[in-house]
Amino acid sequence: MDLSTSLGLIAPELVLSLSGLVLLLFAAWGGDKLARTISIATCIALGAAFALVAPAVCAGASGPDRMAFGGQFSADAFAGLAKLMIYAAAGATLVVAPRFFERLGAMRAEFALLVLFAALGMSVMVSAADLVTLYIGLELNSLSAYVLASILRDDERSAEAGLKYFVLGALASGILLFGMSLTYGFTGTTSFAGIAVATAGGLNTGMLFGLIFVLAGLAFKISAAPFHMWTPDVYTGAPTPVTMFFASAPKVAAIALLARVALEAFGTQVDAWRQVVIFAALLSIVVGALGAIGQTNIKRLMAYSSINNVGFILIGLAAATVAGVSGMMVYLAIYVVMTVGSFVAVLLLRDAEGRQLEGIADLAGLSTTRPLVAWCLLALMFSLAGIPPLFGFWGKFVVFQATVQADLVALAAIGIAASVIGAFYYIKIVKVMFFDDPADTVKGEADWAHTVLLVVCALLISPLGYFLIPWLGNIATMAASSLALPVV
Amino acid sequence: MQVFAFYLFAVLMIASAVLVVMARNPVHSVLWLILAFFNAAGLMVLVGAEFIAMLLVIVYVGAVAVLFLFVVMMLNIDFSTLRSGFMKNAPLGVAIALILLAELVFGIGAWRAGGLDLGQPLGDAATMAGVSNTKAIGALLYSRYLFLFETAGIILLVAMIGAIVLTHREKRASRGQQNISRQVNRRPQDATVMRQPTVGEGVEL
Chain A
1 MDLSTSLGLI APELVLSLSG LVLLLFAAWG GDKLARTISI ATCIALGAAF ALVAPAVCAG
61 ASGPDRMAFG GQFSADAFAG LAKLMIYAAA GATLVVAPRF FERLGAMRAE FALLVLFAAL
121 GMSVMVSAAD LVTLYIGLEL NSLSAYVLAS ILRDDERSAE AGLKYFVLGA LASGILLFGM
181 SLTYGFTGTT SFAGIAVATA GGLNTGMLFG LIFVLAGLAF KISAAPFHMW TPDVYTGAPT
241 PVTMFFASAP KVAAIALLAR VALEAFGTQV DAWRQVVIFA ALLSIVVGAL GAIGQTNIKR
301 LMAYSSINNV GFILIGLAAA TVAGVSGMMV YLAIYVVMTV GSFVAVLLLR DAEGRQLEGI
361 ADLAGLSTTR PLVAWCLLAL MFSLAGIPPL FGFWGKFVVF QATVQADLVA LAAIGIAASV
421 IGAFYYIKIV KVMFFDDPAD TVKGEADWAH TVLLVVCALL ISPLGYFLIP WLGNIATMAA
481 SSLALPVV
Chain B
1 MQVFAFYLFA VLMIASAVLV VMARNPVHSV LWLILAFFNA AGLMVLVGAE FIAMLLVIVY
61 VGAVAVLFLF VVMMLNIDFS TLRSGFMKNA PLGVAIALIL LAELVFGIGA WRAGGLDLGQ
121 PLGDAATMAG VSNTKAIGAL LYSRYLFLFE TAGIILLVAM IGAIVLTHRE KRASRGQQNI
181 SRQVNRRPQD ATVMRQPTVG EGVEL
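Chains A and B, in that order, are what the protein sequence lines are. Heads up, the first sequence is in UniProt numbering, so the first residue is 1 and it goes up one at a time. Heads up, the second sequence is in UniProt numbering, so the first residue is 1 and it goes up one at a time.
Calculated from the structure, these hints are not laboratory results. Don't take every hint at face value.
Only part of the chain B face toward chain A is listed, based on derived beta-carbon distances under 7 Å [what the hints assert, rightly or not]: (1) Phe147; (2) Ala152; (3) Ala159; (4) Ile161; (5) Gly162.
Just so you have them, the derived chain B footprint on chain A, three or more residues with Cβ under 8 Å [said to hold, decoys possible]: (6) 218-229; (7) 274-282; (8) 380-388; (9) 458-472.
Computed Cβ-Cβ distance ranges for the label pairs, DEER-style [claimed, not checked]: (10) Asn133(B) <-> Asn204(A): 25 to 35 Å; (11) Ala410(A) <-> Trp111(B): 49 to 59 Å; (12) Val66(B) <-> Lys33(A): 48 to 58 Å; (13) Glu170(B) <-> Glu445(A): 52 to 62 Å.
Where is the CB? At the ideal position from N, CA and C, for every residue including glycine.
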């Protein structure tokens, strides 16, 4: 494989990194006055990367032709689909962020660049076909994320969120690196294909330890229980647009990465990791559902909601079939839309002085004061709960269907039962909005960009979304089959 | 000659390491530490690992030791108060000393049992014949690991951006900065106005 072919395969990453470097110069000389221009330029760069990835996803690209740099980087349809979601979520963040930070007088030119570099890191993560690529991508993403969490440095909660995220993220990286070094030591290779060959005959104790530590490290990054403790604090403390970013793009990247490690590197030993994934999935669903019940802050509630959703996504991974991975990708796509929509709705809640409102009590009577926001939020909450006419139901449906097909009926049954608990707090929000007396605190002007984004998200997850099923199902299946799945 | 160089570096290194601990002035400790790093680099050259030797000088002497020096000078630690808890912490110190002693005994025992058989590196991992290790590392970094190497560079860039974003503050305008070119270019007509005030009325500027 010569260099030019490899460079062609990493074209989206090249576009992102080069535009990031050029825009950094503008940020250095122009200062914070250029912040808005840089945000727009970053959106264009993300759009260009999106356009470069899209053909490979639609064509279902796979196989050795899509491996760059001697098998360190894989530009297949699976990575492509995850990248599309990541770039879209990063773009949505940049659409809503400038207004938020300008109101606080804290818009920084570097904000958009950090989002861009985080997206670049995630892009490398989902394409990783080697443990070293995995780690480099993960650190690029995490390092940008730590700074983003504490970007409101004069705000105590934001600084605390950044510090917590940094310390726990470093711990997770340590656990992951320990697992990776054990895996490397006992298999003698860092490439996923090589690990698959080395583990084909069974796992010895060292490899098993390596696998467990790698899974634990990645579970930290996707905030699956029992490694979820940092999520509520970080999501509450970080500025709302940053929380929206954390809840969408890095989740996609880390889950895609986890799927690739589990299925490509340890694909011959499904039984070894399946019980770990099932345990994390069920615990996440229960912890996410029960933890959210007593919350009064909507960002904290969304954090538990994301833990809950990660559980459902992991159920798809536990199936370890094409249908399971395809269901997982469909669920992820719908989840990203629902998360972005919910956080945009939260951003629209401001009092007369323009301060953000985050309490669930502030939502009271929103249906009379802000009918559009209330109805969109109603659709998003019902969709998150998985109530049938809305699109969120479809994600849960495909995941459970794949689980039943893979003969994991008990897992599917427990998952469905637990999702009923989760429905409680989503419906509680709807009750507060529609049946409580108006709290009359939401006053601020609605920005048109926010409103448009909210309406688009609400339309995508409304029953209209079902028109997308053939197309979405098709590209998700192609993406899933581009992974080297274990033969069952 | 080699033996002489080895003993010179080794003795100097151990002596300066002892002085790092013994020196009363923390700044002197850091300077002795730098001497220890230099001698370690010399030992690395003797075993043929000149790349690691250069790294020691550039990274440890050039960056880490200077950082230590900054920290020691800025923090202005009062060492007499640090030493005051000596008797209280003595049992812990003795315990750590015993653990280190046990490790030494194990280490010497393992050394006397003969070297570990690590096998010979084969294929890609084999040492390139007739190439210095700096060149060999460079050839790998810029060919097979080019992508990872460049991405690692971006990680360092992000770390730098992060440090600046979180700590840099715009200078206050009231601090009164001098802009010499503006001062020189300023003409009397920009700064002064001529008025003919009429008696009994104020002047409008």
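Cross-check of the supplied hints:
{"no.": "1", "hint": "Phe147", "verdict": "holds (4 Å)"}
{"no.": "2", "hint": "Ala152", "verdict": "holds (6 Å)"}
{"no.": "3", "hint": "Ala159", "verdict": "holds (6 Å)"}
{"no.": "4", "hint": "Ile161", "verdict": "holds (6 Å)"}
{"no.": "5", "hint": "Gly162", "verdict": "holds (4 Å)"}
{"no.": "6", "hint": "218-229", "verdict": "violated (count 0)"}
{"no.": "7", "hint": "274-282", "verdict": "violated (count 0)"}
{"no.": "8", "hint": "380-388", "verdict": "violated (count 0)"}
{"no.": "9", "hint": "458-472", "verdict": "violated (count 0)"}
{"no.": "10", "hint": "Asn133(B) <-> Asn204(A): 25 to 35 Å", "verdict": "holds (33 Å)"}
{"no.": "11", "hint": "Ala410(A) <-> Trp111(B): 49 to 59 Å", "verdict": "holds (56 Å)"}
{"no.": "12", "hint": "Val66(B) <-> Lys33(A): 48 to 58 Å", "verdict": "violated (35 Å)"}
{"no.": "13", "hint": "Glu170(B) <-> Glu445(A): 52 to 62 Å", "verdict": "violated (29 Å)"}
Hints 6, 7, 8, 9, 12 and 13, counting from the list given before, are not met by this structure.
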